[in-house]
Structures are given as structure tokens and as C-alpha cells.
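Peer 1: Working from the sequences, and respecting the hints, build out all of it.
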Amino acid sequence: MNNDDYLELDFTDNIPDFQINRRDFLKLTSGVLILFTIGDKEVFAQQTRPSLPTDFNAFLRIGEDGRVSCYTGKIEMGQGVHTSLAQMLADELDVSLDSVDMVMGDTDLCPWDAGTWGSMSTRYFGPALRAAGAEARQVMLQLASEQLKTPIEQLVIEQGEVFDKTRKAPRVTYAQLTKGKKIERHLSQAAIKKMPSEFKIMGKPITRRDAKEKVTGKAKYTGDIQLPGMVYAKILRPPAHGAKLIDVDLLEVDKMKDVQVIRERDFIAVLHKYPDVAEIALSKIKANYERPQTGLDNTNIFEHLLKNASEGKSVAKEGNLQEGEHLAAKIVDETYLDGYKAHSPIEPHTAVAKIEGNKATIWASSQTPFSTRSEVAKELGFPPENVRVITPFLGGGFGGKGRNPQAVEVARCAHLSGKPVQLVWTR
Amino acid sequence: MEETIQFKLNGKSVTLTADSDRMLLWILRTDQGLTGTKYGCGEGYCGACTVLVNDEAVRSCQTPLKDVRGKEVVTIEGIEKNETLHPLQKAFMKHDALQCGYCTPGMILNAYSFLRKNPKPTASEIIQGMDNNLCRCGAHNRIIPAIEEAAKEMEGGF
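Listed in order, the protein sequences are those of chains A and B.
The numbering used here runs 344 ahead of the 1-based position in the first sequence.
The numbering used here runs 12 ahead of the 1-based position in the second sequence.
By construction, these hints were calculated from the structure, which means they are not laboratory data.
No experiment lies behind these values; they were computed from the predicted model shown.
Glycine included, every Cβ here is placed at the ideal spot set by N, Cα and C.
Check each hint, because a few of them may be wrong.
[As the list claims (entries may be wrong)] Using C-beta positions, here's what the derived DEER-type ranges look like:
no.: 1; chain 1: A; residue 1: Thr679; chain 2: B; residue 2: Lys93; range: 54 to 60 Å
no.: 2; chain 1: A; residue 1: Gly668; chain 2: B; residue 2: Gly150; range: 31 to 37 Å
no.: 3; chain 1: B; residue 1: Met13; chain 2: A; residue 2: Thr551; range: 45 to 51 Å
no.: 4; chain 1: A; residue 1: Asp598; chain 2: B; residue 2: Thr16; range: 25 to 31 Å
[Claimed, not checked] Cut-off 30 Å, straight-line C-alpha distance, at most; resulting in silico cross-link-like pairs (BS3-like, lysine-lysine):
no.: 5; chain 1: B; residue 1: Lys129; chain 2: A; residue 2: Lys556
no.: 6; chain 1: B; residue 1: Lys102; chain 2: A; residue 2: Lys556
no.: 7; chain 1: A; residue 1: Lys562; chain 2: B; residue 2: Lys83
no.: 8; chain 1: A; residue 1: Lys556; chain 2: B; residue 2: Lys106
no.: 9; chain 1: A; residue 1: Lys617; chain 2: B; residue 2: Lys20
Peer 2: Okay, here's the thing in C-alpha cells:
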């Protein structure tokens, strides 16, 4: 299987809804800015995504304070890129790991990204980030060469300080070099990256950067976002796929104190400042549904699935199955059947929405903050740039958080109620 | 039933007037703002909501407020002593015994309770003692040595 076949397996309809306004974006930054594109553009081109930004989709910045920031739409869900990407950048740039900040998964701050899945952050983003780091390092060497009046070949860098290797002093820091400057580079070809033998930070065991927050309970996940006046939503769910709401009795729930019921056609939710009270309120709704007559049950579902399965597809073809069978010492021929398995990261799908005027801010446990933004914008009828999606730490994703209907639902709740709302899916 | 309930929370006395049938998980997360205690399943299966009640690990999503009346509740925010990490917290960091970190507070508090009963456990006793706390990422094999190391450092002391 070609490694890039991954791309076809998931989220192929995930395309950007607008390109970042580069001129406005660049106004915001000073220091040294390296713009780059994640992954092999050829691969993306093959996926026929005409609206993919070909300009750049990640950047790094060395600020006047000497801090290095990497802005990317990738997210941290336990796979550890919050740490490993920072390691790559620090190593290529010759700065300490502590001076690198990763700004991730915020659609207002980070350029468009398709999403985080398929073990692709390290494979695609890693080399691009390292090349950008190497390019930035070259820029720093050029600046230092001018300032120290020393040829580049004679300069070395240690922890963000540049000096003449024959003299060791004077030293000039990245912060001093970038002060008052605005240098923009667009990484067009692969800069020369370090060889593994030169790595000082990569490949060395270090404590993950979010470990302390996570062992002390301070790490913020979406469900930990609490806003003034925020209420928790519980949504009335149908008992089966395709079930239709016939009638609903809200009398009991209407009697409950401080519970708000919102309704838009068959979308019904209850809101309360405590999620457990909202849960009780939900249980008091009496709803009648018409279930679709499928004629399917636990015994005939497998036959149905086989009959209706889409045409199979080969992703790799090698060897000869029949020959192999002849060579086998023992042949086991069995059919194994299993029930439906829900996708269950330990953190359930969660989102928080705050709507002010025609602007929405969404916190979501999402592997795809940018398509989450598109979906929310479409639901609310807002232009995408009026929706900001912020991705706190995810409590696991495993592909299951590539789709985020909970973000759309919570946006509806916030819109209908006029309050900030949090929604956590139950199991 | 609405009543006034007093208990100790992370070393401080707390008095609450609330429906005493409400589950401790939500009292901690919303009223008290202690979000280190996580909601995972709400049914007592996963252990993400584990807290200590009189040093015993309990599932806070299944523990009504009235059950902690006059007792001592400790959450992940309360096991540091004098701003020093607890040996379990240090060992989890050192052994990379976490990935997404969502199960971690519950893991640490369950390990705490387990080590009180069995201060010198074998690896297989640790596996048994931690079996009902779920992690989907795959930190299990690093959680075991983390607990072993913390047990050695603690030598039965907490």
C-alpha cells in the first residue's frame, strides 16, 4: 500500500472555505517570519482540492523577545506532537526547547489545515517544520554575520546565541537580531536540514511538555471551559436511526425551576447551569417517535450488511492467494460476527459555544478545527471568518473526532438560547 | 433533597446547600470549579472521575453528595503537598505514563488508594489494582513502572 493512500481513506471532503487574508495577517507580526506548506504539494494536488491554499499553511515566527512560535492547525490529542514538533523546531533552530511555543488548532491564529489524523503530523508536518527551522536559522546567521562583521562560515549558534567560533565573544542573541525588524521568507525549496548525528534535542528522551499540567489536573480540555452565565445542554435523541418525532410533552420539564427548553422543529434541548440537572430535565420529556420499519434485527443484520455493502476495493495486490492456501499446513475457515462498536475515546465529544452578535467562538474537542468552523458557520448562517474554533487538549481522538456534530449542536443551542452553552455527549 | 452538607475538600472545610442526591462529580466540576476530576462515562465504568473519600478511591459520578457528609474528599488538585508534586505525579511524568492525560487524574488517585492498602505491590498486583481504570491511548505499560517507582519512593508514607 502506498503510504499516501491514507489520504483517501478519510475526510476527503475536507476543503478550506476561504483563504487567509495574507496582507491582514502579516500586519500582525514582526520579527522573522517563515511561511511554509505542510507536506508534499504534489500529493495534495492529486487529491483534486482546487481551493487548498498553495501559499502556505503553517508558519513560524521568531519574535523580538527571542521566543519562537510555531502556528499550525494541528491539534494535540495525546499523540505528543505538542512536544515532538517543538523538539524538531528547537533542534533545527539551535534554541532551547523552553523557548519554543506551539500555537495549535486555533482558527483565528493559525493558517488553514486539513486536520490531524492518519499519523501524518510527524511524517508530513515534521519535515516541513524542520526545513522552516533550518531556513530561519540561515536568516539568523545572515543577520549575525552583518552585525558581527564575520563570515557566516565562521559563526556558530548555541541556544539562540550566535558567535564567532574562533573567539566565543561577542555573542548576539536571536532577540537582539530580530529587534525592530520584519523579515518574511517563503520556504520554496527544502532547506538543508540537520543530519541525525547533529541532533541535540530530537531523539532524546524528554518529559512531554504537557505532562505536569496533566498530572496535576490543570490541563484544560473542552469540558473544562466554564464561561460566565454558561449553561449545559442535553439533547433529546431519537430511539433509532431515522425515527420521526410524532409528539412531545414538555409539561413536566416546564415545571422545573431554572430549566430552559429550546426547540427548533424536532431539535429539542434542555439547558441548566448544572449538567446533571439538565439530564434529569431531559428524562422528564415524554416523546413519541415513529420508528422506521426496517425488518432488521440482531440475527439478519449481517446478511443485510453483506448484501448492501459497497463494492470492495484493492489498495494493494501481491502474491497469489490460491498458491498460498496450498502451502498452508492448516486452514481455518470461520465466520466471526460482532456487534456495533461505538468510537470511544475517554473524553466524549464535547463543545462550548459563545455567540455575540454575528460572531461565534467555539471550543471543541476536534481533530479538524477548520472544517468544524465551516460546519458551524453554515449552520448559523455566519461567514466562516466570523466563527473562531479553539481546540483545547483532546482526551484522545483516534479519528473519531474528525467529525464534530456536537459543535454544530452546541452552536444551535447557544443561538436559540442566547447563552453560552456547553454540550458533552453521553456514552 | 435540598440540605446543608459539610465535608472536607482538599484539606479545607466546605459547607454546601444543595440537592444531596446530586453526584459528587458535578458538585466538584461545576460548583467547586475543580475540573481535574473528569467525566468519562457517567456510569462508573471508566474511572476518569475517581476521587478519594477518606483515602478510598471512589467513582465520583456514582457518589451522591450526601455520602461524603463529614468525610474527607481529595481530588487531583489536592494531592500536592506544599506545592511539591506527589511521588505518584512525579513518577507518572518521569515514566511518560500518560498521553492525552484525560484518564490520568483518576489513574493517580486510584493508584494512591491502592498503595495505601498494598504499599509494596508486585507488577501483577498493580495490573489487578488498576484494571478498572480505562486508558484508551496505550499508557498502561508505562503506568505500571510509574506506580512501582512511586511505591518505592513512598515506602508506605503518603
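Peer 1: Next step is simple, just say for each hint if it's right about the structure.
Peer 2: Going through the hints against the structure:
At roughly 57 Å, the beta-carbon separation of A:Thr679 and B:Lys93 lies within the given 54 to 60 Å, and the hint holds. Roughly 32 Å separates the CB atoms of A:Gly668 and B:Gly150, a value that falls within the hinted 31 to 37 Å. The supplied range of 45 to 51 Å is met by B:Met13 and A:Thr551, whose beta-carbon atoms lie about 47 Å from each other. Between A:Asp598 and B:Thr16 the Cβ separation comes to about 29 Å, which falls inside the hinted range of 25 to 31 Å.
Our distance criterion of 30 Å between C-alpha atoms is met by B:Lys129 and A:Lys556, whose separation comes to about 26 Å. For the hint pairing B:Lys102 with A:Lys556, the CA-to-CA distance comes to about 8 Å; that is within 30 Å, so the pair holds. At roughly 24 Å between alpha-carbon atoms, A:Lys562 and B:Lys83 fall within 30 Å of each other, so this suggested pair holds. With a CA separation close to 10 Å, the supplied pair A:Lys556 and B:Lys106 stays within the 30 Å bound.
At most 30 Å may separate the alpha-carbon atoms for a hinted pair to count; A:Lys617 and B:Lys20 meet this at roughly 24 Å.
Going down the numbered hints, you'll see the structure goes against none, and every one checks out.
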